[in-house]
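Visitor: Listed below are the residues making up each chain.
Number of protein chains: 2
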Amino acid sequence: MPWPRHSALLTDLYELTMAAAYFENNLRATASFELFVRSLPPERTFLVAAGLDQALDYLETFQFGSGEIDYLRQQPVFSGVKREFFDYLRDLRFTGEVWALPEGTPVFGEEPLLRVTAPIIEAQIVETFLLSAITFQTMIASKAARVVAAAAGRPVIEFGSRRAHGPEAGPLAARAAFLGGCAGTSNVEAGMRFGIPVFGTLAHSFVMAYDDELEAFRRFEQLFPEHAVLLVDTYDTLAAVDKIIHSGLRPKSIRLDSGDLCQLSKEARRRLDAAGLPETKIFASGDLDEFAIAELLACGAEIDAFGVGTALSTSKDSPALSSVYKLVDVAAGATSYRAKFSDDKVTYPGRKQVFRFQAGGSYSEDVIACESEKCDGAQPLLECVLRSGRRIAAPPGLPQVQEYARREFAKLPAACRRLHHVQPYPVRFSARLQALLEELREHNHAPAGKSAG
Amino acid sequence: MPWPRHSALLTDLYELTMAAAYFENNLRATASFELFVRSLPPERTFLVAAGLDQALDYLETFQFGSGEIDYLRQQPVFSGVKREFFDYLRDLRFTGEVWALPEGTPVFGEEPLLRVTAPIIEAQIVETFLLSAITFQTMIASKAARVVAAAAGRPVIEFGSRRAHGPEAGPLAARAAFLGGCAGTSNVEAGMRFGIPVFGTLAHSFVMAYDDELEAFRRFEQLFPEHAVLLVDTYDTLAAVDKIIHSGLRPKSIRLDSGDLCQLSKEARRRLDAAGLPETKIFASGDLDEFAIAELLACGAEIDAFGVGTALSTSKDSPALSSVYKLVDVAAGATSYRAKFSDDKVTYPGRKQVFRFQAGGSYSEDVIACESEKCDGAQPLLECVLRSGRRIAAPPGLPQVQEYARREFAKLPAACRRLHHVQPYPVRFSARLQALLEELREHNHAPAGKSAG
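Those protein sequence lines, which keep their order, are chains A and B. Each residue of the first sequence is one higher than the one before, starting from 18 at the first, in the working numbering. Each residue of the second sequence is one higher than the one before, starting from 18 at the first, in the working numbering.
Bound-form chain A, shown alone (with noise of 0.2 Å):
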């Protein structure tokens, strides 16, 4: 099920106001912007793509609605801007090419995720939406592989939805998560628009609207024999644990929420063994992240299984992405190519292919070269995904986007993919493209007679 189409308008005034000047100037050009990370965070050795069939939804739909228009004009900043261009916007439908990494795809700083090449308009546009889709989800879908390969073959469930970024980041976090090896979510909507297993059962709000703790669990446990995980800490863990196996019940599975997780679960287990409950598992939660259940196995702890929320929903260690969208090279003045020299910021020019080259069944290096260059024993990552503004094929289901991310992550080297003692993968710009950039810095301060510096 896709999403309702999206406004138009969510998109930065300044990419109205370029498009108004680009249109009364009469460029029309075809451009080429590509989408990358510039760095990755300190907390991050790899990104995982995401978000790129939400990104590819809005451009196959993206329209002005006539009340858009109608705001737009009404703005002080447009008071200049000729009727021909609102009447243009009106018309606007995006009939541009992309080229993308496919979503699971593990991906490194400077290398591109995505690459618009469109007339300029309609590619600039595009900008602040494309990036806001493709970041987040990116960096929920890293998160998730971090927590899932933390989690060591055990489920890990993402239940961040409360504290996600506004009611609508948590179908989109519940998507990344489960992309990046989550086993489901807790988020409904999520479940209905994605496909994604849903899971949940009883808040310690059930377990206080009764008297007593047991006779909660009772009844939560008639209505759901097969599904209840009953929550045991809202009181005493262990005297709940105790309450449970006098009292006959045999959950599926209970809940962990606060204490010493360690602790409590192996002591747990060994209540719930002693009583003829070894198949009754153990679930944990409560401000969890990778170094924490990490931790919690490290110490031998009897956790069947973990929930994680906040710092999962948010990727709360590392909660931003330096996410551009560049111009790379556009049809018009004496070179295509674009770059921006911008000391502490320089983009390279040209569209870009990324090289992928294994060893010994890992991948063992990334260059980031021209478009046109091949490079012997390496995979190109970027694929055609839509032409004419229209997706080249049905996208891939969900749950084969997350076996093709499993996949590729575990062809990371070891050093990537763990937690401590990290190595940074090796990642270079081919010498053909570092020589387009020198000669671009050289082209661009010559007409203004200036030495480079």
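To be clear, the hints were calculated from the coordinates, so they are not data collected in a lab. Incorrect hints may appear among the rest.
Since the list gives no way to pick one copy over another, a pair counts as held whenever it fits inside one copy or between any two copies.
As the list claims (entries may be wrong) - Straight-line Cα separation of at most 20 Å, SDA-like style, residue types lysine to any residue; simulated pairs:
id, residue 1, residue 2
1, K391, F358
2, K333, R434
3, K260, R458
4, K428, V384
Dock chain B against the given chain A, drawing on the hints supplied.
Guide: Structure of chain B alone, referenced to chain A:
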């Protein structure tokens, strides 16, 4: 303009399994839940309440669609739940009462931002949405108040949509940032939906689309003579300033976006003034936050306005709040008061009021008390805003809320408002509330024959 109706499935699955269990067990008692932040993150000394308007929109329009009901019935977890429950859901509307802090009110840890009193099923199901709506905007408004205070009277424009957590988080972040004191946003949808002033002019790509930087400036200036903010750092910042000066352009403003903003702003100011352009303003952006802004101003930067993106739209240094929604009272069982005693997560029982004391024109202390308590000389903060599922009054306009927030912020003690050497604002629980917690703790442990521990 209100949001489109939100799906009732924007919730956690356990809200619905609990609802089914309440329904099955005929538990329809009226319950009260309170939404509060457990404690302020170390990076914050106050919060600014926000998001209430969206929360109330949601409650007023709450309704399951028939496709949503069908989806739920197909979920394995509901296989044992009778048809009557789904018929009940189909007709369900929110009929309860809400007390809340007005948007813009400063708020601290443990203080309820919102209290919902409704039949327990209604009050339970809305938990997830209310948490995500209120938590996110409160977090962003709080960050905005800090950033705006650091700018010491200079306008701050929010332009972080591209890094917000998904495309829909952008307009909400813009709303909250405006409420917290920003002068406007770059997000056009936020402008249309919430009436927020929108700002923005040109990006590096516009400059790069032309062979010559000055040609790009001229064309933009020609179309937007009153509004153009010329971005000067695409190639060489001061060289671009010189080009502008020698061209005869008299732009309203220039924008610095990289490099040493303090030195560049001073030198740009000097050159503009010397060239007879004292009215051309200097706008600065580029990974700014409240600390960077304070430092720039402390070193004498000649900056007239700031653009703040990622740090604001993601509350990057503190991207989550420990917000919870806790059952405090339900008309069922031996006592109606409810509290949770997990060692590290105690919640206080009963419906509460927050009383705020003033001394010498400043707020001096808050007391969290039982709803029925009187607190001479203090102002009660929670107000009834919704009754029988309908708003009591139309919400105030956003500019009024911004002005209220500004005045309230100014009444906080200076040690709580500043960035360094801060002191926590004093908040305590009333003696009666403390006593109630202890009574309940004993009552709760008595039936099980255990001593408190």
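Visitor: Against this structure, judge whether each hint is valid.
Guide: Cross-check of the supplied hints:
1. Taking the shortest alpha-carbon separations for K391 and F358, neither the intra-copy value of 27 Å nor the inter-copy value of 65 Å comes in at or below 20 Å.
2. In this homomeric assembly, K333 and R434 come within 20 Å of each other (Cα to Cα) only inside a single copy, at 19 Å, whereas the closest approach across copies is 25 Å.
3. Taking the shortest alpha-carbon separations for K260 and R458, only the inter-copy value of 18 Å comes in at or below 20 Å, while the best intra-copy value is 74 Å.
4. In this homomeric assembly, K428 and V384 come within 20 Å of each other (Cα to Cα) only inside a single copy, at 17 Å, whereas the closest approach across copies is 57 Å.
Against the hints set out earlier in the document, a violation occurs for number 1 only.
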